[in-house]
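Q: The task is simple: from the sequences and hints, build the whole structure.
Residue numbers for the sequence shown, in my numbering: 2 to 223.
Where hints are given, some of them may not hold.
Unchecked claim - Derived lysine to aspartate or glutamate pairs resembling DMTMM-like cross-links, with alpha carbons at most 25 Å apart:
(1) 213 <-> 69
(2) 136 <-> 106
(3) 52 <-> 179
(4) 198 <-> 217
(5) 213 <-> 55
(6) 52 <-> 91
(7) 133 <-> 51
(8) 111 <-> 53
(9) 76 <-> 162
(10) 198 <-> 129
(11) 136 <-> 217
(12) 171 <-> 40
(13) 155 <-> 48
(14) 171 <-> 217
(15) 198 <-> 179
(16) 213 <-> 48
(17) 213 <-> 106
(18) 133 <-> 64
(19) 52 <-> 40
(20) 133 <-> 196
(21) 76 <-> 178
(22) 199 <-> 53
(23) 111 <-> 48
(24) 155 <-> 173
Hints were generated in silico from the structure; no laboratory data involved.
All figures in this text were calculated on a predicted structure; none of them were measured in a lab.
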Amino acid sequence: MQDVSRRKYLKTSLMTAGTLLFAGRVKANTCSLTPAQTEGPFYPIEDQNDKDNDLTQVRGSRESAQGEVVIMYGKVTDQNCLPVTGAMVEIWQACASGKYNHPGDPNPAKLDPNFQYWGRAVTNKLGEYQFKTIKPGHYQATSTWMRPAHIHMKVHKRGFEELTTQVYFKDDPYNAEDRILQSLSVTEQNNVTVDFKKAVNAQGKPISGPRKGQFDISIRSY
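A: Now the structure itself:
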């Protein structure tokens, strides 16, 4: 009886350990979904000839967009942290003056004819994407609300829930008072706020070139 009880105990212990190990693996391979945010009123409604992932130049023009050039890159994964290949990533934003290329924008600031305003990128086999753009300008949303620099983003692929969100610059002083950003939890705010940094050399000193920021995205599959 003792041997039978011992074997039963060992079998139960192994099953329990296996269950815990499996649960641990599932938990470890679960990615937090990127929080959704409002699309806003200025989603592009007019097509344009140039809609690639470099918004700093318009096809046919030798001039570059005004403002600070930045590189935003990252990886799109699903809720299990697996890369999403072939996802369409769209961004749209204001130019350096804070003006959108949209007929509904009441901002009296001037448009930048050398800025693309919106673009697209398709993720590669590793789920990676990249955009070259400029840091958008601030603009008055209401008389008491100044919107911080932000980039609108939409990610979609068949078989996945479409994501619409906004990306913020960590060093922007208006983040702390932005009504949209502050409607998120602190963890969610951190997930959509990017620290754009200069590349550094082996000695840790900044080198020439635009600031770069990594924004990883997680979307849910059906």
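Q: Residue 155 and residue 48: Cα distance at most 25 Å?
A: The given pair, whose Cα atoms are some 16 Å apart, holds under the 25 Å limit.
Q: Hey, residue 133 versus residue 64, does the alpha-carbon distance stay inside 25 Å?
A: Holds, at roughly 15 Å.
Q: Are the Cα positions of residue 111 and residue 48 separated by 25 Å at most?
A: holds, 20 Å
Q: For residue 133 and residue 196, compute the direct alpha-carbon distance and say whether it is at most 25 Å.
A: holds, 15 Å
Q: For the pair supplied as a hint, residue 111 and residue 53, confirm whether the alpha-carbon distance does not exceed 25 Å.
A: holds, 23 Å
Q: Is residue 171 within 25 Å of residue 217, Cα to Cα?
A: Cα-Cα ~15 Å, so holds.
Q: Decide if the proposed pair is consistent with the structure: residue 133 and residue 51, CA atoms, cutoff 25 Å inclusive.
A: holds, 14 Å
Q: Between residue 52 and residue 179, does the CA-CA distance stay at or below 25 Å?
A: violated, 29 Å
Q: Can you confirm whether the C-alpha distance between residue 199 and residue 53 stays at or below 25 Å?
A: The given pair, whose Cα atoms are some 24 Å apart, holds under the 25 Å limit.
Q: Run the distance test for residue 213 versus residue 55: straight-line Cα separation, threshold 25 Å.
A: OK: residue 213 and residue 55 at ~14 Å, within 25 Å.
Q: Starting from residue 76, check that the Cα of residue 178 is at most 25 Å away, please.
A: Given that 25 Å is the threshold and the Cα spacing comes to 29 Å, the pair is violated.
Q: For the pair we were handed, residue 171 and residue 40, check the Cα-Cα distance against 25 Å.
A: holds, 20 Å
In summary, the numbered hints that this structure violates are 3, 16, 17, 21.
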